[in-house]
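Go by the hints and put chains S and F onto chain X.
Protein chains in written order, with our numbering: chain X, 1 to 419; chain S, 1 to 419; chain F, 1 to 419.
Treat the hints with care, since some could be wrong.
Remember, identical chains collapse to one label, so a pair may be satisfied in a single copy or spanning two.
[Stated by the list, open to error] Taking lysine-lysine pairs in the BS3-like style, the calculated list, with each CA pair at most 30 Å apart, reads:
#, residue 1, residue 2
1, Lys-25, Lys-112
2, Lys-240, Lys-283
3, Lys-21, Lys-112
4, Lys-13, Lys-240
5, Lys-12, Lys-25
6, Lys-283, Lys-12
7, Lys-12, Lys-316
8, Lys-316, Lys-25
Rather than coming from a laboratory, the hints here were simulated on the basis of the structure.
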Amino acid sequence: QYITRAEFEDYKKSQPKVDWKGAPKISSQDGKFSFKVRGRLQIDYNSIDQDEPITGDPDINDWEARRARLGVEGVIWYDWDYKFEIVFAGNDTDVKDAYIAYAGFSDWNNLKILFGQFKIANSLEGMTSSRFITFMERAFFIEAFEAEPRALGVGVHAGSDDDFGWSFQSSYNGPNIGDDGVWDDGPSIWAVRGTIAPVNTDDAIVHLGASYRSRNNGTEDGVSALYNYEARPGLHLADKFVETEPLGESDQYWGLEGAAVYRRFSVQGEYAELSADVPQMYKRMAGGRSINPDYTGWYIFGSVFLTDDMRNYEAKKGEFGRVKPNNPFDIRNGGWGAWEIAGRWDSVDVGADASALLAAGHDCDQCGDEEGWTIALNWYPTAYTRLMFNVIGTDIGGAFNDNDGADISGFGMRGQIDW
Amino acid sequence: QYITRAEFEDYKKSQPKVDWKGAPKISSQDGKFSFKVRGRLQIDYNSIDQDEPITGDPDINDWEARRARLGVEGVIWYDWDYKFEIVFAGNDTDVKDAYIAYAGFSDWNNLKILFGQFKIANSLEGMTSSRFITFMERAFFIEAFEAEPRALGVGVHAGSDDDFGWSFQSSYNGPNIGDDGVWDDGPSIWAVRGTIAPVNTDDAIVHLGASYRSRNNGTEDGVSALYNYEARPGLHLADKFVETEPLGESDQYWGLEGAAVYRRFSVQGEYAELSADVPQMYKRMAGGRSINPDYTGWYIFGSVFLTDDMRNYEAKKGEFGRVKPNNPFDIRNGGWGAWEIAGRWDSVDVGADASALLAAGHDCDQCGDEEGWTIALNWYPTAYTRLMFNVIGTDIGGAFNDNDGADISGFGMRGQIDW
Amino acid sequence: QYITRAEFEDYKKSQPKVDWKGAPKISSQDGKFSFKVRGRLQIDYNSIDQDEPITGDPDINDWEARRARLGVEGVIWYDWDYKFEIVFAGNDTDVKDAYIAYAGFSDWNNLKILFGQFKIANSLEGMTSSRFITFMERAFFIEAFEAEPRALGVGVHAGSDDDFGWSFQSSYNGPNIGDDGVWDDGPSIWAVRGTIAPVNTDDAIVHLGASYRSRNNGTEDGVSALYNYEARPGLHLADKFVETEPLGESDQYWGLEGAAVYRRFSVQGEYAELSADVPQMYKRMAGGRSINPDYTGWYIFGSVFLTDDMRNYEAKKGEFGRVKPNNPFDIRNGGWGAWEIAGRWDSVDVGADASALLAAGHDCDQCGDEEGWTIALNWYPTAYTRLMFNVIGTDIGGAFNDNDGADISGFGMRGQIDW
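Only chain X is shown next, with the shape it has when bound in the complex (with noise of 0.2 Å):
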């Protein structure tokens, strides 16, 4: 009447997986299903100093919920995934990834088929997920240029994490879940990345990249939508000096990425250009001159961990992925974290062509370009929990705009904790 090791073997493959990722990972022993709900909160306060007698902006001094995501994702019948996230910061809600993936041939260099609403691949930073980025914001261009917005469609992912490492994504996309039913022709987006690291290693990681990406806006009741170009001085609640009227009809976006990182050193920078394609009428407007501006982006940062830490580079995605602290905080045993500081400098221009653009009657009275520095301070109690502090400082600048010689100030906090 005792019980067998086979017994108990059988036993044992007939129960559930559970795999502490934040939440509960719980999957079948043949690998034939999984689960996990998925989510984040950010919580941040910003506090500004505008420069309201240049901009005429009043100071700022608030909370909000930065990201409040909820979703799931899991395995269906070995090789189907599925991702599906919701936004609910404001009182709207906003679909973020929403798509169903084909992983039969993930023998073959983790090869993904993907199908439905997902990130299009541009940018290392914009590529990183918000949980693991450095700054409590994404650098200028990544905005400005819209280098991480999501969109329905189909793409293609693989990639290597061997010692020399690369990844490589492609799509075809259309628009966001939330323009649903405005398009006559939706926007068509066509977007390419591939990334190489040459060192791979557990000690140090060189990350190089490159990306593309066409697009055009499709027409609303026979009319061209057009992109506008747009950012904040480097914290989420300022406004944005630094501004476009909607003036693309297609652009072209290509960017270069590098990053290296060292034990607890790291390095990182991209340099990105946008062309925009103005309607002809303003072109005629302009006398016939030439006007597809040019703008400009690029950053570069560098980070250090105070405690025995280092980043996590996911070789297979080119992406940065979870800061993993090798001794957790813990009050009672000891232990204090990881804790990082890092400094960046920022630039983004999306000035160019002002004049012509004007004198086409366009109204271009925030064109120009910002510079910025930002100071960070990080705090990884635990892998899955984050205290953030940053301090800002931009400079707007541009002939033509009214913004021009505004020196934006502030410092943000956030709470992060995801699941």
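Same frame as chain X, now just chains S and F:
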């Protein structure tokens, strides 16, 4: 120091049970509790020639998340069920099922009392989940007569899966959750549906059913709210080319249903009539003529599985359920999933009494009828995933319909997963 | 080849623990992680005679989903809690709890530091979950003085369940998540609440408490936002017949609480005052007269369980919790659940200084008071389900209130489940 069988059995009983139904259904072994997260994604592409010379509406080429839902269901203390599911397809949210059910009499013909928001029982295709319908969109009349809405109320469901199966549903309902707070007197809806399955075996099914619904649209700020009747031409991103203005203070619906399945072959059809009660005012304006238009709609379709698979009928609910491929798609070990082709002829007429309505000063310039066909190819790689391809052709008619003579054609594709 | 006890114990420890609290709470055996999905449904029917001859508002007969929520809660790495819950009752969404808490000092009087959006601690009934309140709606003053709102901020909670129990809550908060982005200077709210339970046994409870809140409504576009004060007459679909226009730049609230429970018998009452600071402008317009209206509200209720059940008090939180019927409803084996009857007298007065406000040109035609009674019958079939029946009668008063003399009566019923 070995583990006895009794001890082991006790342990097993104390452990939760996990059944994989897309997502895991977690239950206590004693049946006292269960819980499951549920949801679905349907990602669509539509390309539609809207016959612009006649309709004036431009062609459509676009993506949408046709359905994106997340929710939960569970059992509490043996006898109390709940289901709560929310739509996140656009920027708005929309609550679908949100009910509490008492199933303590379930030994007696699966009797269940529902309280909250649930589907009002009318029409076989209306009751069949959008995950399991054969074509991308339900038949015209189901949209035109709102034969599958949800509303708050009380209901009773019963049925049997015996060789001679049957089902019965009846409910008294008020407004939809989304209509909250608008009403003085909420709408009141009474509906009943009965079905029988005189043949209900593993090889063959015969389904017959009938349903009736009477509804009154209540008052807002002392004024009667009015129903209108409208239908798309078979793809969801298309415009509505037959449509009445709001004209029904109350209406009565009745419908007949039939379906037969023999192994991989299946036919299904429905016929429905809707009589709308037009406000007295219109009748006076039309010189006392009686204006209670009777609208009609019907469809018939046939489907054949190319693989050795069969539609899945649930007699106790009087609806079709999940297709479970005998050989799920498996690129490594073989297996092609289930493949199905189907064709439908579909018709609805909301043009009755158009001349009288026009005489009464009612705007009726899209009152009319539409007839159309759909050809479908469905691939079910697994029981929880599906790819659909639909081609449609629909003729718009009606002596008073501005769109008379338009011929709408197009195709759609859908990727679907549910959990 | 048998399984040893040591081996078996190891296996047991590696397996997750599942506690059924409506939905399953899944934990790791080491206490490092836990996770639970949570939610509630409250489906209401209201029938209200709004005394149309006086109020001009028509009668109400309607259903609504009074509360429909879904969310998650969990523990990450022993000491970090989170809760995130969203309302889906209408077409909009609304975030309720959305906080991160550090509970690493919990050995010391359950001390918890909260960061994010949580309930501001004021009022016993305000702090008691809507799942556990005795009547369908909380007392008038809790709605009128917003004594149970949630807002983003930092807070501290502590308490003890000892024989002499106590609780303490304090917080500094800004805006609600739904107010994001509207503010220059967000609102600032400071609140504190303390309670004691000098008797806290299985048979008897005595609860005493006091709370204070001071808040300033911040500025939008450089203009002070103003608080207003309004209350429904005891059922949620009724209109508001006492209501001030927005008039408070800032306000101070204080309240006293008391409750006593002896087995199946219970009494509870609260008294609260709110002083609003009216903008200088109004004071000037009223000829320099001081206008800082002091509003008051109070209620008292008694409840008796007809079955051998008792209200469930949580001393360390200073609030009432879940009623757990001793004999859950079971149609097969007997058991009738818990049955409770209760009666409340309820009063609020927001009519102070109405003449001065009118003199200052402020619209005050619904400033006034209401007094009302509620009779309740509650059936708790299980600990997670409840049916409620309420009958109400409310008199509207106030010399300057257009609705003076109106007598609102009605009944409501609710089906509730939570998980």
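Verification of the supplied hints:
1. For a Cα distance limit of 30 Å, the shortest separation of Lys-25 from Lys-112 qualifies both inside one copy, at 21 Å, and across copies, at 27 Å.
2. Proximity of Lys-240 to Lys-283 under the C-alpha cut-off of 30 Å is restricted to the intra-copy arrangement: shortest distance 27 Å within a copy versus 38 Å between copies.
3. In this homomeric assembly, Lys-21 and Lys-112 come within 30 Å of each other (Cα to Cα) both inside a single copy, at 22 Å, and across copies, at 23 Å.
4. For the homomeric pair Lys-13 and Lys-240, neither the shortest alpha-carbon distance inside one copy (56 Å) nor that between copies (54 Å) is at most 30 Å.
5. In this assembly of identical chains, Lys-12 and Lys-25 lie within 30 Å of each other by CA distance both inside one copy and across copies; the values are 17 Å within and 18 Å between.
6. In this assembly of identical chains, the alpha carbons of Lys-283 and Lys-12 never lie at most 30 Å apart, being 71 Å within a copy and 74 Å across copies at closest.
7. Taking the closest pair of Cα atoms, Lys-12 and Lys-316 never come within 30 Å of each other, the shortest separation being 32 Å inside a single copy and 36 Å across copies.
8. In this homomeric assembly, Lys-316 and Lys-25 come within 30 Å of each other (Cα to Cα) only inside a single copy, at 21 Å, whereas the closest approach across copies is 33 Å.
Figure legend: structure checked against the earlier numbered hints; hints not met, in rising order: 4, 6, 7.
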